[in-house]
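Using the sequences and the hints, build the whole thing.
Protein chains in written order, with my numbering: chain G, 1 to 373; chain U, 1 to 90.
Keep in mind that the hints were calculated from the coordinates and are not lab data.
Watch out, some of these pointers could steer you wrong.
[As the list claims (entries may be wrong)] Pairs of lysine to aspartate or glutamate, DMTMM-like flavour, derived with a Cα cap of 20 Å:
1) U:K76 with U:E28
2) G:K117 with G:E141
3) G:K62 with U:D55
4) G:K5 with U:E63
5) G:K58 with U:E20
6) G:K137 with G:D181
7) G:K117 with G:E23
8) G:K125 with U:E20
9) G:K117 with G:E129
10) G:K70 with G:D114
11) G:K137 with U:E20
12) G:K62 with G:E141
13) G:K146 with G:D181
14) G:K62 with U:E67
15) G:K140 with U:D71
16) G:K137 with U:E42
17) G:K146 with G:E189
18) G:K43 with G:E129
19) G:K146 with U:E20
20) G:K146 with U:E67
21) G:K58 with U:D79
22) G:K146 with U:D71
23) G:K42 with G:E129
24) G:K117 with G:E135
25) G:K186 with U:D55
[Said to hold, decoys possible] Coverage of chain U stretches by chain G, computed from C-beta distances (three or more under 8 Å per stretch; other residues unrestricted):
26) 5-16
27) 67-78
None of the values given here were measured: they were computed from a predicted structure.
Glycine included, every Cβ here is placed at the ideal spot set by N, Cα and C.
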Amino acid sequence: MDHVKLVEDPIDIAHIHQLLADEGCGASSVFVGTTRDNFQGKKVVSLAYEAYDNMALKEMNKICSDLRTKWPELRHIVIYHRLGNVPVCEASVVIAASSPHRSDALESVSFAIDQLKTRVPIWKKEIYEGDHNSEWKENKESFRPKRSVSNFNYLACPCKAEESPDEIAAPQKLVQIRVNDAELAKRVECFVNSKRAEINSQNVIDFKAEDKDLSDSCARTQSSIIKQEKSNCHLKVRRVNNRSGPQQMAFRPNYELELNKLMGSRDFVTDPSTEMKKTLHNSRLQTIELYMGLAAAHSDESVFSRIKRVEDRILQLESISPEYRHFTNLEPPSSLAPTLPKKMRKKSYSAQELGAFIQKLKDGDRDLNIHLK
Amino acid sequence: MPTDGPVVNVHVLFFAKSRELARTPRSEVDVPAQIVASELLEQLVARFDLTSIRDNLILAHNETYIENLSDKIHFKEGDELAIIPPLSGG
Chain G
1 MDHVKLVEDP IDIAHIHQLL ADEGCGASSV FVGTTRDNFQ GKKVVSLAYE AYDNMALKEM
61 NKICSDLRTK WPELRHIVIY HRLGNVPVCE ASVVIAASSP HRSDALESVS FAIDQLKTRV
121 PIWKKEIYEG DHNSEWKENK ESFRPKRSVS NFNYLACPCK AEESPDEIAA PQKLVQIRVN
181 DAELAKRVEC FVNSKRAEIN SQNVIDFKAE DKDLSDSCAR TQSSIIKQEK SNCHLKVRRV
241 NNRSGPQQMA FRPNYELELN KLMGSRDFVT DPSTEMKKTL HNSRLQTIEL YMGLAAAHSD
301 ESVFSRIKRV EDRILQLESI SPEYRHFTNL EPPSSLAPTL PKKMRKKSYS AQELGAFIQK
361 LKDGDRDLNI HLK
Chain U
1 MPTDGPVVNV HVLFFAKSRE LARTPRSEVD VPAQIVASEL LEQLVARFDL TSIRDNLILA
61 HNETYIENLS DKIHFKEGDE LAIIPPLSGG
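Encoded structure:
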């Protein structure tokens, strides 16, 4: 059975146990949320809870049905939440479940309290000792407003830097930013992007260890950013998973040599790293050819004729499916439009006009001749 | 509330911080029968002095959350609309 209630009086835990009792159950799990007596050094006297009653009950019942879908073995579920004034150290919420085996009861209760904090419309206000103003709390899990990205207009979010000299000065190296959520999201995104670019450039340096000219590099490597443990903001960079670059050749096992040894053969002993180096400059083009479904090139074929075949293939693909270009994430076609060759305007000339034109050319010729004389 | 199309009267409910800022737990408001949630929220924020918490408000229409503020809401006469600040139950 599901027992869902909003109550004004203290919650009796013994009563909850009675509700859970079932002969077929080997486990009952009870979570009791109690009110804390302090927040950021302020002493909390009591807490005031309020709810959007009907919707809260509806959401609590929804949690019960979610639990039953996820853990079909559950027998009884209890979700009680207290409203009104709750003195510190008293239970404000109780979630309990019974089931034949313990894992269902334990896991479901933990899931249910997270869900409750996320979506049940209940609010608490902490009332502090002394002159501190009471404060509405916010669960970090709380459901937050979402907007579709397409409708999100960063430009419409003004960025104002506010300065308040009255407040305690922050350490010099720290910068305090007071902006709205949208602006903050934008800044975080920009920061991530710039970090990404920085890492990419580092990767290029690593990849081209010997050659310091980075301007023409198109080195491709895999890398990822991971957050440092227990860190608030510093990013530890784990970079370059360089599996096929020229520096890695020395570390590769010499398969051919090993195989030849096994076969007792002394023929064709080659160093694979030199082989690889020979083909490396072509490997990217080979990949493209493979991807484009083109036959493997002969080793003596010129690079230019191979590129030409790739170009022809792209043209063919574009002609049979024009939407192909939309997947390549290049500039939108509208911006390309001005660079298209201008259409030649055809004009018909009468015989008379042509005669006049020829005459003009002849005259010009004569003038030129005169000039030369 | 300025509109072009048909208008219906709905009950607007306020809770916690939004109730304190609006200085009322409920109000009746004429709203367009069809409106994008974020537009409606903008109008309500302006009308009920909720600017300080505007970025954290959620709407619930007839006791169901509007998951995405870019969605369109269709109102009927007498519908219930709740202005919900960040939750703090538990």
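Quick rundown of the hints versus the structure:
no.: 1; hint: U:K76 with U:E28; verdict: holds, 13 Å
no.: 2; hint: G:K117 with G:E141; verdict: holds, 6 Å
no.: 3; hint: G:K62 with U:D55; verdict: violated, 27 Å
no.: 4; hint: G:K5 with U:E63; verdict: holds, 17 Å
no.: 5; hint: G:K58 with U:E20; verdict: violated, 24 Å
no.: 6; hint: G:K137 with G:D181; verdict: holds, 18 Å
no.: 7; hint: G:K117 with G:E23; verdict: violated, 31 Å
no.: 8; hint: G:K125 with U:E20; verdict: holds, 12 Å
no.: 9; hint: G:K117 with G:E129; verdict: violated, 26 Å
no.: 10; hint: G:K70 with G:D114; verdict: holds, 15 Å
no.: 11; hint: G:K137 with U:E20; verdict: holds, 14 Å
no.: 12; hint: G:K62 with G:E141; verdict: holds, 17 Å
no.: 13; hint: G:K146 with G:D181; verdict: holds, 12 Å
no.: 14; hint: G:K62 with U:E67; verdict: holds, 16 Å
no.: 15; hint: G:K140 with U:D71; verdict: violated, 24 Å
no.: 16; hint: G:K137 with U:E42; verdict: violated, 23 Å
no.: 17; hint: G:K146 with G:E189; verdict: holds, 17 Å
no.: 18; hint: G:K43 with G:E129; verdict: holds, 5 Å
no.: 19; hint: G:K146 with U:E20; verdict: violated, 24 Å
no.: 20; hint: G:K146 with U:E67; verdict: holds, 7 Å
no.: 21; hint: G:K58 with U:D79; verdict: holds, 17 Å
no.: 22; hint: G:K146 with U:D71; verdict: holds, 10 Å
no.: 23; hint: G:K42 with G:E129; verdict: holds, 7 Å
no.: 24; hint: G:K117 with G:E135; verdict: holds, 18 Å
no.: 25; hint: G:K186 with U:D55; verdict: holds, 14 Å
no.: 26; hint: 5-16; verdict: holds (count 3)
no.: 27; hint: 67-78; verdict: holds (count 4)
Hint compliance for this structure: hints 3, 5, 7, 9, 15, 16, 19 are broken, all remaining hints hold.
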